[in-house]
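Number of protein chains: 4
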Amino acid sequence: MFTIPTLGNCVIPTPIKTGLFVDDTRSLLFDRYIPGVSGLKETEDPVTMEIAGPRENIYFDPSKVRAAIVTCGGLSPGINDVIRSMVMELYYRYGVLNISGIRYGLQGLIPSYGHPILDLTPDIVKDIHRTGGSILSSSRGDQDVDKIVQSLYRMNINILFCIGGDGTMRAAEKIAGETRKRDVSISVIGIPKTIDNDLSTLDQTFGFDTAISEAVKVIQCAHVESKGAPNGIGLIKIMGRSSGHIAVSATLANNDVNFVLIPEVPFSLQGDKGFLKALEVRLRRSAHAVILVAEGAGQNFNPSREALGTDPSGNVRLFDIGIFLKNEIEVYFKARNIELNLKYIDPSYIIRSVPAAAGDSIYCMLLGQYAVHAGMSGKTAMVVGRYDNQYVHLPLSAVTSRRNVDREGPLWRAALAATGQPPSMLSE
Amino acid sequence: MFTIPTLGNCVIPTPIKTGLFVDDTRSLLFDRYIPGVSGLKETEDPVTMEIAGPRENIYFDPSKVRAAIVTCGGLSPGINDVIRSMVMELYYRYGVLNISGIRYGLQGLIPSYGHPILDLTPDIVKDIHRTGGSILSSSRGDQDVDKIVQSLYRMNINILFCIGGDGTMRAAEKIAGETRKRDVSISVIGIPKTIDNDLSTLDQTFGFDTAISEAVKVIQCAHVESKGAPNGIGLIKIMGRSSGHIAVSATLANNDVNFVLIPEVPFSLQGDKGFLKALEVRLRRSAHAVILVAEGAGQNFNPSREALGTDPSGNVRLFDIGIFLKNEIEVYFKARNIELNLKYIDPSYIIRSVPAAAGDSIYCMLLGQYAVHAGMSGKTAMVVGRYDNQYVHLPLSAVTSRRNVDREGPLWRAALAATGQPPSMLSE
Amino acid sequence: MFTIPTLGNCVIPTPIKTGLFVDDTRSLLFDRYIPGVSGLKETEDPVTMEIAGPRENIYFDPSKVRAAIVTCGGLSPGINDVIRSMVMELYYRYGVLNISGIRYGLQGLIPSYGHPILDLTPDIVKDIHRTGGSILSSSRGDQDVDKIVQSLYRMNINILFCIGGDGTMRAAEKIAGETRKRDVSISVIGIPKTIDNDLSTLDQTFGFDTAISEAVKVIQCAHVESKGAPNGIGLIKIMGRSSGHIAVSATLANNDVNFVLIPEVPFSLQGDKGFLKALEVRLRRSAHAVILVAEGAGQNFNPSREALGTDPSGNVRLFDIGIFLKNEIEVYFKARNIELNLKYIDPSYIIRSVPAAAGDSIYCMLLGQYAVHAGMSGKTAMVVGRYDNQYVHLPLSAVTSRRNVDREGPLWRAALAATGQPPSMLSE
Amino acid sequence: MFTIPTLGNCVIPTPIKTGLFVDDTRSLLFDRYIPGVSGLKETEDPVTMEIAGPRENIYFDPSKVRAAIVTCGGLSPGINDVIRSMVMELYYRYGVLNISGIRYGLQGLIPSYGHPILDLTPDIVKDIHRTGGSILSSSRGDQDVDKIVQSLYRMNINILFCIGGDGTMRAAEKIAGETRKRDVSISVIGIPKTIDNDLSTLDQTFGFDTAISEAVKVIQCAHVESKGAPNGIGLIKIMGRSSGHIAVSATLANNDVNFVLIPEVPFSLQGDKGFLKALEVRLRRSAHAVILVAEGAGQNFNPSREALGTDPSGNVRLFDIGIFLKNEIEVYFKARNIELNLKYIDPSYIIRSVPAAAGDSIYCMLLGQYAVHAGMSGKTAMVVGRYDNQYVHLPLSAVTSRRNVDREGPLWRAALAATGQPPSMLSE
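Sequence order for the protein chains is A, B, C and D.
Quick note on my numbering: the first sequence kicks off at 1497 and runs consecutively.
Quick note on my numbering: the second sequence kicks off at 1497 and runs consecutively.
Quick note on my numbering: the third sequence kicks off at 1497 and runs consecutively.
Quick note on my numbering: the fourth sequence kicks off at 1497 and runs consecutively.
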């Protein structure tokens, strides 16, 4: 079983009045596939996960506890829904009245930035889910853990809810470790956010469905543009640093994409089996093409072969594959004296900043509620997430590994079928 | 393990070229909760489900097989996506060229109706997912099983894909039984469709997410209307014959609903604890209210207490709770001489007839592909569905039971919190 | 020239700093068609209209004036845009700080209702255009003019902006007349609102474009429903009390409607040339049909032939042509033993309560600004409106007449072509 | 009066059965403002325009005439609506059965390109208005007039409908001139298309309303992004080569823009009154900003001061003001050591490629019908357009002049008010 740290014994009866409580011993199988008829018994000691939900007894006294919420990293649809849900649950279900909104990510916990705290109340948050982004704003990058813990201590924060990606989860782990070292009882609960949807131990990250819906609209426009001129090409660069989930899902939802390029599937540009030749074949046959490239695809083409460094979030800076492809395509067809009308679209900012669609709204609401239950019961150094359709607790460290698009799985095979692109565009 | 009938031995190698195949012995646990640490071993013989996916050997020879697709019952977003996916998978992945589209549901298999067959090809179906409804059209109601089997036999159909609800799954079971009795090798595969999302053994039915998105737009309008006049009320009747999943999910996605009434939660009209009094209290405080009522709620109010009979699909006809509530509310407030401006909205037809949203499109595509894999491998009398995030095979009989909104579960509790309505509106 | 009454001499310099001012003598031709080459000179004394816009000198001292805004009648997209625009223009361009929002229409000016005044400031109105409806709420019906004028006087209101329909314009005229009689200097400025778009002396009413966009979505759903079942009929009742502008425009924007029925074009039900026979012919040929009926069409079918009275706005109550047609159609086909699947949709409330689309937003903003210019310059008993693409002043009385769909004009002819319905469905 | 050339006498009775016909002598005043009370009489010989509409007698025999449609230049919402309308009107109202769709703009009339002709029928065009772009595709650039006229002659084309921009109208004029010279009776009718909406003698170009609606969505995203990070800036480059109509209208429709930069209003970057200083002031006060820049703004900043040449359409290539501003802003704030998070969005391709919104659909339908009436009555070298809400005929030469945003007019003044930007950002 994944072990979730706790701050101590839960002896305070929860003020939640109705509903079935969840017991810490009730857990969920991590791997529930049975390879043969007698298979189950062989797994003597299966890996399990703690079930999320309200506990009958909690650790913090709602009348005294002070919670804080911080949002870090890039935008994703649904952040405001999660914030809203946590505030509503803390306030109305537990009676927690002191909720601090930390502005501009972890910067908001470093006094020298001077970002004021936003007191979060039901009245403040009641309509924020109708708008994209984060009312708390966000920032990228690590901050000094010592100073963060001092701020939490000085502000009397007992529970810190961190909405963010990989870097934020690592920071949350450091904060949780530091508070334990100092024997300060602060619960640190993570709500994982990555629009790339590449966390291995979770079903899907919030905002992903909404992002796909928006991506589909852009692809339709690229399709129209590609058909609007002789040898028209719609080239779209989309999110996906190390995995192609957004690119593949958008391809499947729409069926207008002719080439989808993702980090998991290397490809060549030149050569008889390469991408440019395949594109030429496509144009000669159909006179137009839509290309969807994940930002992390084709990083091997970086001509300078030198490191681009890291961004403030600690992510490796990516070589701009979109602009690179645009140029390579134009050069290739110019050399062959073929008229080309390439329209390049980079829609990331208009995909990730919309309000959450209905399904994501409900998902975010439940994530927020389960995060509050976990925090109030004194859990720490953990995240809430949905795993095989069930909300569970997982250690912070368990959600940082990467989940790739499986090249043998049904999604990639379906994407190959939907695009009609060659199964491999890798020249020897 | 749920046993899935098969037509015989699979000895023909599948033409599917890439990808991992699934083995019939690989299965999924039905209940993967472990009540205590040593719990798993106690479950000596757990219930399991067959995993969906392509098999290494198949039963039907793709060059000779003839498939048919029929769509029955009411509309739901995504039907065309499922049809499209099945045709594409049959045609391009298996090489099945003969695919018959049966028009107007089971009527299309009864010669006397005279509905012509529509030959389905990639060219016919390639853009149909952009439109709501079913290109095959649909109809309600049972038809004579003998005549259906005779038609299938006469048309040389080997696989029949049935997209439909409860009644359709029952008909499919009868057809499968009759073909076995006659020793005719016809595979009957169901793809369950119910916009009500009330099937107990499946995660979610296709079209549900899209329906919620549309319902949310209508609720926003009702909210605006309710605030636009003194004591304005927006009263919306929504789908949900025996369960309130749509009503509850739409309530949670939107947060504008003040009263949500569902079949699972009985309520009184009159009395101090009744709904009308609660509504009056709300209006005196806030001067407007939005009420969302599932069509199956409050059936006990049927004043004539007499059976309304059944519709052609065999469903019990419902008493019109929307119009009934409209009248009761107007009478109540008129009697108290309180100005009232009630706007009644019945949006069902404009919710269920839209094209599938992106998430539902991908879901429908995968459902269609798994249905084809099942049919080609000679499975019969079964449905494909997603269970705990995994695609599985289930016997037709296993998906007809009803799943209700759990009155102690997180969704209903969240709905109570979102509306602020009294936990019980049941007078003694 | 249409004469616009004024309260007196404009001697106060306007605080508007930039821009060209408009002179009262600059006016616009009412009829600018020239029947022949030498035609113009024959029109010795043409009817003209005063041009709207800021005047170099104004009547009211911005530092002392107190403005009020009231919204009456049914909702229409863009009301909040007009309110927002007037508040912004009064506040920032003229420096008027006292702006009272009258709640619930004219009720808000009758003390006994007890509706509190809402002080309108830029901060209050800055985001209201993102929501449908009216933040001031509305009500229908006349109120006592004496009491209204007493309220205005007691509240020291100098300019009253009335957003509303016919009834409101009549009320505005009475208020303006009464204030003149009492020698109270109150400017009464109307901004005509009718989603029916049937005012003869204005290009188009605000909200109309938005309404058509929403209607088109509903028609698409009805079309899908009609094709989803044997002899499917989508029957939609839409706004349009005495004119069919919405019905005809939605028909033209969409091209899915097969029958459009409007008040201006009488039709028979029975008989060889009647509507039901035409519908039967259509179903026999195409097996589905979409019917769009304006609420004011076919009022002659009222079986009781008795007056239905008037609603609180003074409008004659309409016989429900939608439900009537639904029943007549069902009876007709039942008698002929023809299966029929009729889906009835009444979408008015979800059409008129959405936020204004971009074009309407800009239109409403300009209407609001011109209304403020008119009010500040002491005009009264007038409306602002767009006439032949130019913003003008018109007497209140000039905008109450009705504009019908011209049965010989391009719109109706295009609607006949788009639907394919018989040019006349009137039996002898 | 603007004189419209005709091919000859109209003696063939039109097959149009109903409706009022329009007479060539009935015309519309070009300037209908009256500067003073007695003003009209002074204008002895006013400029007038021919009214568009069906004529009682036509020039071409419908049974023999052959029409062609060509679409040139960049995409704009509604092109397919115009094509659809012309085909429907030619086919059903006039009985013209031979309608040729020229592929890829004027290239389609040059045999060496080898683009095949698309025969246009009601069946082909009936659903094309649901998709953006042009089913005929398009191309940029002039082609040899001789070859074009030879092709028209060889194909027996009698009427050529040209949908396109400035360059296309100039080409149309040359074609019309060449045909007259050769004494070939070909009517050349233009339907002006420019998403920039900058034609001086027309109310508004088709697609403009739709474009604004899309632009508003992008601006909302930029606004969310700008608030999502410390000193967040959303910088959007939008269409508008020589006029800022799109930028200004989108600003007004949305109210989220803080700086709008257009070609008509020069600005400085540096200096106390310059844009960068104003931006710094804004960030210090509000910590975020949305900047909307028309592509033609700030061309004076072109650092190389050299000509960029012209594109294939003959338009001067623009210096990329978007990227330039992005860099200048980043340099400025880096030099001042101020954290900045700039998100750059270039949405042109996703704005211009959507299907027409409802209002534009109706407008395009009427434009198409009037173009057909003009062509059938033998007019040539002219365009149809809406002027002051009335459809008229104008000589091709009359619509090539440019209409700018009036810096003293209500739109720009409203834009200044909506953004709060300084009235002038021009340093001495």
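Take these hints with a grain of salt, some might be off.
Unchecked claim - One-sided excerpt, in silico: chain A residues whose CB lies under 8 angstroms from chain D:
| no. | residue |
| --- | --- |
| 1 | SER1559 |
| 2 | LYS1723 |
| 3 | ILE1846 |
The hints are simulated quantities; they were obtained by calculation from the structure and are not laboratory data.
All C-beta atoms in this analysis are idealised placements derived from N, C-alpha and C, irrespective of residue type, glycine included.
> Hey, does the A/SER1559 contact hint survive, CB to chain D under 8 angstroms?
Replying inline: violated, 34 angstroms
> Can the hint on A/LYS1723 be confirmed by a CB-to-CB distance to chain D that is less than 8 angstroms?
Replying inline: holds, 6 angstroms
> Taking 8 angstroms as the limit, does the beta-carbon of A/ILE1846 come near enough to a beta-carbon in chain D?
Replying inline: Result: holds, 4 angstroms to nearest chain D Cβ.
In summary, the one numbered hint that this structure violates is 1.
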